[in-house]
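J.: Here are the chains, one letter per residue:
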Amino acid sequence: SQTIHQWPATLVQPVGSPLSLECTVEGTSNPNLYWYRQAAGRGLQLLFYSVGIGQISSEVPQNLSASRPQDRQFILSSKKLLLSDSGFYLCAWRIVTTAEQYFGPGTRLTVT
Amino acid sequence: GQQVMQIPQYQHVQEGEDFTTYCNSSTTLSNIQWYKQRPGGHPVFLIQLVKSGEVKKQKRLTFQFGEAKKNSSLHITATQTTDVGTYFCAPRSANDYKLSFGAGTTVTVRA
Chain A
1 SQTIHQWPAT LVQPVGSPLS LECTVEGTSN PNLYWYRQAA GRGLQLLFYS
51 VGIGQISSEV PQNLSASRPQ DRQFILSSKK LLLSDSGFYL CAWRIVTTAE
101 QYFGPGTRLT VT
Chain B
113 GQQVMQIPQY QHVQEGEDFT TYCNSSTTLS NIQWYKQRPG GHPVFLIQLV
163 KSGEVKKQKR LTFQFGEAKK NSSLHITATQ TTDVGTYFCA PRSANDYKLS
213 FGAGTTVTVR A
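Chains as they are written, first to last, in this note's numbering: chain A, 1 to 112; chain B, 113 to 223.
Hints are computed from structural coordinates only; laboratory data are not their basis.
Some hints here could point you the wrong way.
[Claimed, not checked] Only pairs whose alpha carbons sit at most 16 Å apart, straight line, appear in this in silico EDC-like list of lysine to aspartate or glutamate:
1) K148/B x E100/A
2) K210/B x E59/A
3) K169/B x D130/B
4) K171/B x D195/B
5) K168/B x E179/B
6) K182/B x D195/B
7) K210/B x D85/A
8) K163/B x E179/B
9) K148/B x D195/B
[Stated by the list, open to error] Covered stretches of chain B (chain A as the covering partner; in silico rule of three or more C-beta atoms under 8 Å from a C-beta of chain A):
10) 154-162
11) 213-221
Since the structure is predicted, the reported quantities are computational estimates derived from the model, not experimental observations.
From the three backbone atoms N, C-alpha and C, an ideal C-beta is built for every residue, glycine too.
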C-alpha cells in the first residue's frame, strides 16, 4: 500500500531563516505531487505541483520554491522566511489513473 | 483554477439532526471531489462526482452533483460527533492536474 511521509511535524523558525520541508511517497511510481498551505481556519492554497522529476509548476509567486530531485521526493524550500509563511503545509500525491489526492500528515510552521 | 463558494462557512448541528452543505460555481464544472478534514488532521478524500445529476451515498452521507454541473451538495443525516470537521469541495481543473479547494464548511456537533 502507498504511504506518504512529511517531516518535521512541527517547526518554529525565526523570520529570515531558511526552510526545507521534505515529503516522500512509498509504494507508487511516478506520482503527481503537490504542496499546499493552509492558514489557520482557512482553506487549502495550492503552492506547487509536479508531474515528474525536475518538473515544477508554481501556482503562487512568493518566496517559496519546490524541487523534485527523485521520483517520490518533493521538497519545499525558502531562503528567507516571512511571518506570512506561517501555516500548515501539506504534501499530497495522486496517481494519474485515479482522481483522488492523498495527503500527508502535514507540517505546522510558525515563523516568529 | 475554478472557483467555488461553499455555504455555510460554519454549521452548528444538534446531534441526531440532518444538515446540508453546498458548493456553488459560476461556471460549469467537469467534476468535483469532496474531502473531510478532522480538527488537527489532514484532508481525506470522500468522493468524486462526474455526471450531471449524479447522486452517491456513503452510509449517512449523500453527495449530489447538480444537473447543470454548477453546484454540488453534501447532506448528512442523523449527525454524530464523528462528523465533526471541515468539509471541502474541490473541482478538478481542465488540465486534470490541479484541484481548487473551496473555503470549506466547518461542522461542530452539540451532544
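J.: Hint by hint, note whether the structure agrees.
T.: Hint-by-hint comparison with the structure:
1. K148/B x E100/A: holds, 12 Å
2. K210/B x E59/A: holds, 10 Å
3. K169/B x D130/B: Roughly 15 Å separates the two Cα atoms, so the pair holds.
4. K171/B x D195/B: Measuring from Cα to Cα gives roughly 12 Å; hence the hint holds.
5. K168/B x E179/B: holds, 14 Å
6. K182/B x D195/B: Answer violated: K182/B to D195/B is near 26 Å, above 16 Å.
7. K210/B x D85/A: Distance of about 22 Å is beyond 16 Å: violated.
8. K163/B x E179/B: This hinted pair holds, its Cα atoms lying about 8 Å apart.
9. K148/B x D195/B: holds, 9 Å
10. 154-162: holds (count 5)
11. 213-221: holds (count 5)
The structure is inconsistent with the numbered hints 6 and 7, although it conforms to all the rest.
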